[in-house]
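Q: Take the sequence shown: its letter number 603 is residue 603 in the working numbering, and every next letter is one higher.
Be aware that one or more of the hints could be misleading.
Taking lysine-lysine pairs in the DSS-like style, the calculated list, with each CA pair at most 27 Å apart, reads [what the hints assert, rightly or not]:
id, residue 1, residue 2
1, Lys164, Lys15
2, Lys15, Lys141
3, Lys755, Lys611
4, Lys88, Lys42
5, Lys611, Lys626
6, Lys62, Lys123
7, Lys164, Lys42
8, Lys626, Lys579
9, Lys626, Lys481
10, Lys481, Lys400
11, Lys303, Lys15
12, Lys206, Lys316
13, Lys124, Lys93
14, Lys400, Lys431
15, Lys141, Lys89
16, Lys652, Lys731
17, Lys130, Lys88
18, Lys210, Lys141
19, Lys206, Lys141
20, Lys54, Lys80
21, Lys158, Lys123
22, Lys731, Lys692
23, Lys451, Lys461
24, Lys88, Lys164
25, Lys80, Lys42
26, Lys89, Lys123
27, Lys88, Lys54
28, Lys124, Lys89
29, Lys15, Lys80
30, Lys620, Lys579
31, Lys54, Lys141
32, Lys88, Lys124
33, Lys674, Lys579
34, Lys236, Lys93
35, Lys461, Lys431
36, Lys678, Lys731
Here are the computed distance ranges between Cβ atoms for each label pair [unchecked claim]:
id, residue 1, residue 2, range
37, Asn670, Glu36, 49 to 55 Å
38, Thr707, Val637, 23 to 29 Å
39, Val24, Arg803, 44 to 50 Å
Keep in mind that the hints were calculated from the coordinates and are not lab data. All C-beta atoms in this analysis are idealised placements derived from N, C-alpha and C, irrespective of residue type, glycine included.
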Amino acid sequence: MQSDSRLVEDFISGKLVRNTPEEVDAVQVFARLLVEDYEYPKTHIQTHPQWRVKARPSDLRKEYPVDIAVFVDEERSVEKELLIVECKKRSRKDGRSQLEDYLRFSSAQIGVWFNGDESLFVKKTETDGKALFEEIPSIPKYGERLADIGRYRRSDLKPAHNLKAVFRSIRNYLAANAVGITRDEVFAQQMINLVFCKIYDERFTKADAKVKFRVGVDEPGEDVRARLEELFERVKRQYSDVIGLNDELLLDDASLMHAVGAMQLYCLVDSERDAIADAFETFIGPSLKGGQGQFFTPRNVVKLLVDLTAPTPTDKIIDPACGSGGFLVDALRHVWRQVQVSGEELDWPESEIFSEQQKVAIRNFRGVDKDAFLSRVAKAYMAIIGDGRAGVYCENSLEKPERWSSHAQDGVPFGQFDVVITNPPFGKKLKLDDQGVLAGYRLGHRWRWDKDTHQFEETSKLRDGQSPQILFIERCLSLLKPGGRIGIILPESMLCNPNHRYIIRYIQSVAAIRAVISLPEELFQPYTHAKTCAVLLQKEDGLKTQNNGRTFMAVARWCGHDSRGHGIPHDDVPAIQSKYNEYRDLGRLEYDHLGFTVESNEIVDDIYLPKYYNPEVRRKLSTIGKTHDPTRLGDLVEAGIVELSTGNEVGKLAYGTGDVPFIRTSDIANWEIKIDPKHGLSESLYAYYREKQDVQENDILMVRDGTYLVGTCALVTSLDTRIVYQSHIYKIRSTAPEEVHPYLLLATLSSPLVKEQIFAKRFTQDIIDTLGRRIEELVLPFPRSASKRQKIIEDVGTVIGNRVAARQLAWRTVLDVVPGDDAGGDEFGFLTIGR
């Protein structure tokens, strides 16, 4: 891969080619499959320049370029064409149609359509000069014939190199084609069933015997099903704690054959555990969509939390909201790598290293989840990559432990774990209101603020209900032994919202907050817009530990995927992980938003939101003293130079009752107010709010609450004073223009340095952000130079004047269409004509 992001190195030719989604996600992926899994030599494959085939018998120019061509030997000629791969068409129907066009006048007998998410294999037969096409379950490996597909012996199976692409293709095929199944959790369970059939077949088949997990070309579907169902009955007896005795293979024959065909040439038992884990997550992830607040945690953040908690082979580790087992599996792999290194240093044989890894999994790993399906998935996940499944229990972690099964009570002793790592369920609507359960939690009680001691105090009164994610904090701490570590995903609002300040005070009373890492809003999208943080806590043990009063903080702006869940090349999480490790292990840290520390005495109002303390903003503010007068907005308010107020809500029933504009946050942009006649108010409502809101020319309106619009400003002109504005908007007025001219104030509030401060002081409440009273903390960089100030004032005046003139001209132009027709009566009345 080269530094030019527009280019990517072709796996086959080594040439630099255009970096397009089709190239990266399909052509390069399938080229690797052909070489690494199907074992074709690179010398038998052509990708770039593209091989071309005829569009019709007389086509001497060969109009059709194919994405990948495979030949029977190194002589890449028309007569030696073996296999053609099409990657351009996005749909299965179009892909097959294109393939048939390619194959019709080609000597190749096999075609593949692969779009990065789904695959299709076809064979061509010619009868009486006519080409016929038929779907097949797979393609032959190098040196095989079509007839050899599905005739595999156990010794023929090889470890997988690209299992994730194979599993993703299977999952997407099933989602589009499986008959009678629509729910993702059913697909997940069916894939788990098939994976266990595959593993059982590999483990209990002699090397020279034919495997049962196979499907051949032209083999009847009922024969494949009969063989798989016989195998599945044995699986249910072997893995009764994971697969229910009443479970069935629900896939229709075509879907079953497709899935078996895609997996049959691989040996999962001999494949790398990391590869199996990555592949497994391709079909578990979609089954977690947050119905009860569970969301699939992306792998990069799982790795981050595992790294933060740094589990060792002697640590006892638990996830009390384990879901499908992602954290447990990654922590297990982290620990196993340490066992591997230690074993190799001691010259242990591989069998002894493997045995020790199994012991660690069984002895030290525990998981709990109240969802029966998810706890079974976690058991399956643990079993597939190694073991430790016996330590997963289906229980409600927040319940009183005495209500758990005796098996779970024995397996999960409170106060005995070294590491808790979890992403508890979260959501605005999730509340636990069982008073018997709440009574067992300090955070299940109401807390009050003592004005004399400036401390929160727990009261004896129970709350009516409490969010599970809040109770999970206390439950996690109760599971830990002194000095133990918690790696947890928490809603960002919990770390900065004044209403949650008592939670921070509770945590501080029993643990140290070692690290807080802000994660992007896209992390759990497209399933939820909730903003979260990765947090590391350490339970107090009475001993003074390293960096005792210091918290590592970071802000991840990218997480490797966009709001639709599609992968992107930008990901800050690994860089933050690397910086934290350097800070923890070596004590070194170069401050920027990807890593910095905050001393306990620098924490303001128990706010543990990293962006609030962004060192890059502080650094910029510290360097402008010679050229600017940094002035705190709150000081201007206290001095009476600037006034701050907010608007009012009128209710949706008031919309459309008249032509007085009701200004919402979305109506403010580019320093001006967008008048939306759909939300006009009546004259009576305007009369009610007019004196209260007191909107005057040169007032500034700023968005206080919202999403990306927070901090956006508009200036009230002479055309805008007849308005009512909503409560999510600040009105900022300069009462002393000779000291702070409103035009200078507008430009300064819109400057990049102030915008960065606004971003740092925007706190998330559920899914919207609010600036709140923190607007008064903004430091305004007014230029010291009087001439520069005057130039800014004049430039802003020109902009505003031109815009007023443009609106007045628009009004006059509209009225000139039919002279004398002046309905509307004012400078923007024409907007409401006909409403």
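Q: Could you work out which earlier hints the structure fails to respect and list their numbers in ascending sequence?
A: 8, 9, 11, 12, 33, 34
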